[in-house]
Each structure stands twice: as structure tokens, then as C-alpha cells.
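Visitor: Take a look at the letters that make up each chain.
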Amino acid sequence: MSAIGLKIPLLRSRHVLPGFSLSLGFTLFYLTGIVLVPLLALIIRPFELGWDGFWTAISTPRVFASLRLSFGMSAVAALVDSVFGFIIAWVLVRYRFPGRRLLDAVIDLPFALPTAVAGIALSTLYAPNGWLGSLLVPYGIRIAYTPWGVLVAMVFIGLPFSVRTLEPVLGEIGRDVEEAAATLGATRVQTITKVVIPMLIPALLTGAAMAFARGVGEYGSIIFIAGNIPMVSEIAPLLIVTKLEQFDYAGAAAIGVVMLVASFVMLLALNGLQAWSASRR
Amino acid sequence: MSKKFVNPTEDPLWLKAILGIVTVGFIGILLLLPLVLVFKEAFAAGVGAFLTAIVEPDTLASVRLSLMAAVIAVPLNSLFGVAAAWCIAKFDFPGKTFLVTLIDLPFSVSPVVSGLIYVLVFGAQGWFGKYLIGHDIHILFALPGIVLATIFVTFPFVARELIPLMQDQGRDEEEAAATLGASGLGTFLRVTLPNIKWGLLYSVLLCNARALGEFGAVSVVSGHIRGVTNTMPLHVELLYNNYDYVGAFAVSALLAMLALITLALKSLLEWRYADELAAVHRL
Amino acid sequence: MSLTVDSVSKKFGRFAALNGASFVAPQGGFVSLLGPSGSGKTTLLRILGGLEFADSGMVRFADLNWLDMPARTRNAGFVFQQYALFRHMTVADNIAFGLKVRPRARRPSKNEIRDRVKSLLNLVQLPGLEDRYPSQLSGGQRQRVALARALAIEPRMLLLDEPFGALDAKVRKELRADLRRIHDHAGVTTVFVTHDQEEAFAVADLVAVMKDGRIEQYGAPTDVRRNPKTAFVSEFLAA
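Chains as they are written, first to last, in the numbering used here: chain A, 1 to 281; chain B, 1 to 283; chain C, 1 to 239.
Just so you know, these hints were derived from the structure itself, not from any lab. Please note that a few of the clues may not be correct.
What the simulated footprint calls covered on chain B by chain C, stretch by stretch (three residues with Cβ under 8 Å from a Cβ of chain C suffice, anywhere in the stretch; the number is not a length) [what the hints assert, rightly or not]:
1. 175 to 184
2. 190 to 203
If you want the ones that stay clear, here's a sample from chain A, every Cβ over 10 Å from chain B, calculated [as the list claims (entries may be wrong)]:
3. L22
4. T60
5. A65
6. G72
7. R101
8. L122
9. R142
10. I229
The beta carbon of each residue, even a glycine, is placed where N, CA and C say it ideally should be.
Isolated chain A (complex conformation) (with noise of 0.2 Å):
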């Protein structure tokens, strides 16, 4: 035993618990393959013609609609989604009532429904001859195959993040501070809007943001409800896949790096915003 702690050369790895160059390295290796790789072809690709190329393949007045549509409806969504998730996450988190455990769980349903399957159907919800559309179209609303289509889908997709995000930070609310506010005189819904709301704002954020985020990129659902007129119903996403098809990888990718930037953006936004919410406490 004394002969191996003298004869070995210091070799030894400078970690204590095992396994961190194999798990580090594999762990690399896949995310350079997978990620980064593809990555810095999409970010290369709009510029192969310069920035003039880049700026020629964008500013299109039908990529601008695209882009318009998809970013300004997800907005409108985002809002739809935290007033309605709002009132959704108090009745789940303050109320109890039986079936309440089932209802929370359907809110998940956007999250594990194909998106396909869930375009479909919507797209056949809201069609004039549909179940819901049907009922519209004597007041002259028409959903399916226009843009109130897109924002019926993203509000779909989007609802989940509003509600998951309000849940646990409403329930962490103690209920001291709405009785101080009643012991002051407040009526309930003084108390709601005036104490509790604002104690939500960073949540509130968090999860329009994310609504928002998905909805930018969302595809499935969306395409079969759209109509997909070009300037008019077609989201950016799917201009990419026209463009794919017409083999102008460039005009893509172009699309696809706006898209990614503005991706980033949100990653920071929203960090920034759990970093401000968690300061608040």
C-alpha cells in the first residue's frame, strides 16, 4: 500500500467527487452539436449578402405585416391571458369546491396537447359552420381564417404560463395583510385591487411574458385557424416555411434571426424580472 502512495505521479484529477470532465465534456459536446452549431448557421446565413442583404430580406412590406401580426397579437394575447389567468389562479388557489384538483389540472392542457391536434381543432371550433363559430356568425363575427383566428389560438397556448406563473405566488400571500387592509375599512374588492394586485406585478409580468414569448413562435396552433392570407393572417413563422419552400434560405433565415433576437430579448426581460421579483420579497 505504501509502495502505490509513493510510486504514483501526481496525476490525480483536481475534483473530489468523480466524473466531472466526462459529464462536462459530454455535455459540451452535445450542446456545440446541437445548438451551436445550427445556431451560428442561422446567424450567419442573412448576412452572406452583408448587412444591405440582411436589411433587403426584411424589410418587405409583407414580412413587416408577418411580423406585425405575430408580435402584436401575441401582445393582445399576453393581456387576455393574464386578466383571465388572473381571475382563473385566485378562484383555484382561494376557493375550494369539488372537481377543483380536476380543473387545475386541465389548465396543463395546452402544455401536453399536440400542437396540431389542438389547431385543428380549434380551427374547427370556430369556423363559420362550427360549434362556436356558428353561434358568431349572426352577429357578424367572423374568427376562423382571420386574425381574431391567430389571437383565439394564442390565447390557447398562452393561458397555461399565466396561470402557472400567479398560482404559487398567490398562495404565498399571507392573509395578514389583506385583513390589515380590512381592519382599515377596505371592501373586499378594494382590498384585491389595491393591496393584493400589486403584490402580484411581478408575476403578473413574468407570465404574460412567457404567454408572450410562446406566442411569437407558435406554429401548430395556429395555421389551421389562421387563413394564412399573406398581410393579413399570416404569422412570421409560417412566412419562414413559405420561404423554405421557395428555397430562399436567406429570406428565412433573415426572418429566423429577428425571431431569435427578439427570443433573446425576452430570456433577459424575463430574468430580469424574476431577479426583480425576487428582490422584492
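Chain A is fixed; fit chains B and C onto it per the hints.
Guide: Only chains B and C this time, still in chain A's reference frame:
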């Protein structure tokens, strides 16, 4: 006559009624109605028509393709998740935050962009395009491309669950195992794995559901060749666009049932093993 | 077979946790590393256990170049401050762990392991708790299990990191006495970290008073108390 005591932090009945109706109505109309419709349309022409649609050769081919993509992608991503969580949670090194951000990236990228990046690398005009054509290797419009796109959109699941979980659990038990003479693999199998098994199961469940249901990314790389490179979601699209509604909704019903089973298992795990899941504690 | 620690130093970033710590302990001795937080005592202990690497210095024990060996081969039983019991294993499995991971050649039979676990549980005065889980035990019980687990591998060195820190005074006194009794019975060289001087003086043969990564004074408890060498030592002991 004394007034009945009203709990000051409880909502008045009228408020409860309004909020309750809005909640149930919103969830019912927005979320449940589409689900119900899927099953109703699937069986609109009877159970026989449903079954015929399911066993149709192209449909079965799509099921096989989806399963194959999942069978390859999920274990690989699980391995990645374990490796990433191990080095991030049990060791200190610079650049950890960047690594974690990189791992989170596919969740914030549009599925279409997720597929686009592989077209840009392996497509005819892509970086390796000429090389692949020259050697008659097919990545896009074939299984490899589909598997790659599936891997990209699903690999964060396991890592995102295991990293905070293993960070929470710390290094103490592994250090103790080292002092007691356990080897690296022995420590991992006997000490670490039992501690993360529910988190692993939970995230594999979600990873699998997403792998089978992914549409946008796979759509871009697949080529949509009927009976050959269509996964189940792509096949649904094909049938729907061909006005075969019973067929489209029949396959959708299969996917919807898978979704419901996933949801049920997910809820079960969250309910019974909340302490052993990072996801439940994360905001 | 003494334990010789020679000028061990370690930095964390720019912070010098250990700054040339040295001491010599006889085979079977009971040494206490005593000092305030930040004095480097835990770092030194972890280096002895193979859980940290020294930047410089040497340790010789049992004729071995101690620092060159990985933790796994040192056979140094380590008792952690927060117990570090394997939460998914029963008490019996926890204690038996070091025996079960041995290569086949050196692994005792199932029956031997079971008997060993039983006698260790008796030794730490927890008879009959084989099938409990750590979450079902009190703090004092968990620490006894941790001690039994470290002893199961028949260690040639026993290292304890503020093992009684999280326990109340009465339990601490009992465990302290038990630890001394076990040490005397097994004759194993023991190094024990604490910030509580009453504890150090009650239980150890040799006390090393540490400050800022160095050993200010080292000697038998009575000697150190009567003849403090530096102002810090006399202030620390007076407190």
C-alpha cells in the same frame, strides 16, 4: 339579532359567483371544448370508421415514425440531462450561468426556427449540403433530420428539472460516499440516482409527450412524404388538408389520449412526490 | 504510525483558508481543532479526508503520502456536520454502505454485514433501529448513525466536522462521552473540529487552537490552558 360573522378575508358571495362562473366558463369554452370536439369528430362516423382510420397503412407508418423518433430522442436527452445536471450541480466552474442559459434556449425559440437551423446546416443549400448529396447521405426529409429536430426541442426538459433538483440536494451525500470508499459509478448509482428518480421520471414523461407531439420543428425538416416521413402530427395535418376529417381527428384522438395520460401521470407525480421534484417548487 | 501535518496551505480564490498549518499526533491520539469560524479548521479536516485538495504542504500517515491518495482509498471515516445520511436508505443500509461497495474480494458476506451493523448500532446505543429511515430519526440519533456508518469501514483515521453543532446541550454531552468511549475502545486516530472550547477540552488529548489558517498553539488541554502562547489564545480561552 346578531349578524352572522363574515370572515374579512373571504370574498363576498356575489364575487365568488361571478369569478367562479368566469373561470369555469373560460376553461370550459377555451380548453375543454376543443378536446371534446376531437373525440366527437373522431367517432362521428362510428367506432368502425375510427378503427379503420387508425389501422390505415400510412397512419401506422406515422405512428411508427413518431415512436422511433421518441425512442431515440428521449433516452439521449435524458443522458444529456443527467450529465449536465451532474457537472453543474456538483462542481464549480466558470461559465455555469452561460451554460444554463444555453440549455434553456430551445424553450424560447420558435419551433419553426428550431427546424430551420437544421435545414441551414444539412439542407441542399446548407453548410454540409453538397457533402451529403455527394455521399448520398440523407439527413433532411428522413429519420435523422426528424430525430435531430425532435432532440433540439425536447432536450431542455430533463436538464431543467434535474439541475435545480440536484443543486437543492447538494454534495454532502456524494462526499460521504467517497469517504466510505465508493467508486464514481457506484456513488452515482447507489446514492445520486435514488435521490433523483422521481424528478427523472417526471421530466422524461414530459420530454416524451413533447417528442411525440412536436409539429413545427419536425414539419420544417421532414419533407412531408406521405407514409414515409410523416410523424403523427404531420399526418394529422395531411389528412385535415385533404378533408379527411374523420381520419385527421382519429389520429388526433390518439394523440389527445396520450396527452391526457401524460397529464394524469404528471398530476399524480406532482401530488405524491412534490418534495422530490424541483418543478413544483420553481416559480 | 503518527499523523504528521506539515505546512499545509490552501486558498479559495484570494482568501487564504489555510496558511501553513502543521502538527503531529501520535497513533491513536485524539486531536481537537479548535477555533472561530474562518480559522481554517474545517478546511484542514476536509483536506485530511480527501474532500479538498491542498495547494501546498504534506501529510504523512501510516507511512503513506496521504495527500496523494483519493478520498476513496484513504479509509478515513468522515462524520459531517449535517450528517449527510443517505436519505433513501434505511439506517442499516446507511451503515452497511461502506462494506457493500467494497470489491468482491474484500466484501464481507451478507450475514457478516448484518451482524456488523447490529453490533455498531449497539455501540452507538441505537439498538433495533435498522429499518428506520433518516427522516424518522431525531438529530442526535442521526448523528449516532453517521458515526456508526463511519466506523463500519474500520477506519484508520476518524474525522468529525462539528458533529454536535446542531444538537442541544444535553445531547451534546452524551454524544461527547460516547465518542470518547468509542475512540478509547477502537484506538483510532481521531481529529475533531469544533468552535466550542469546553467540548474540545473535555474530549481531546491534544488541542490545536487555530486562527486565520494557522495553528497558534498545540498541546495537551491543561498545558494550553495554563500557558497560552499568544494573546489570541488567552482571549479565545477566556471567552
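Visitor: Classify the label on T60/A as holds or violated, using whether its beta-carbon is more than 10 Å from each beta-carbon of chain B.
Guide: 18 Å, holds
Visitor: Given that the stretch 175 to 184 of chain B was listed as covered by chain C, double-check it with a C-beta distance under 8 Å for 3 or more residues.
Guide: holds (count 9)
Visitor: Just to make sure I understand the rule, a stretch counts as covered if three or more of its residues have a C-beta closer than 8 Å to a C-beta of the chain. Does the stretch 190 to 203 of chain B meet that for chain C?
Guide: holds (count 4)
Visitor: L22/A clear of chain B by more than 10 Å, beta carbon to beta carbon?
Guide: Its Cβ does come within 10 Å of chain B, the nearest being 8 Å, so this is violated.
Visitor: Beyond 10 Å on every Cβ pair: is that true for G72/A relative to chain B?
Guide: Its Cβ never comes within 10 Å of chain B, the nearest being 16 Å, so this holds.
Visitor: Checking a non-interface call: every C-beta of chain B should be farther than 10 Å from the C-beta of R101/A. Is that right?
Guide: 8 Å, violated
Visitor: Per the stated criterion, does the least C-beta distance between A65/A and chain B lie above 10 Å, as a non-interface residue requires?
Guide: The assertion about A65/A holds, with a minimum of 17 Å to chain B.
Visitor: Is it correct that the beta-carbon of L122/A has no partner in chain B closer than or equal to 10 Å?
Guide: 6 Å, violated
Visitor: Taking C-beta pairs only, is R142/A more than 10 Å away from all of chain B?
Guide: Given a closest Cβ separation of 17 Å, the condition holds.
Visitor: Please check whether the beta-carbon of I229/A is more than 10 Å away from every beta-carbon in chain B.
Guide: Fine: 16 Å to the nearest Cβ keeps I229/A off the interface.
Of the hints listed earlier, those the structure fails to meet are numbers 3, 7 and 8, in rising order.
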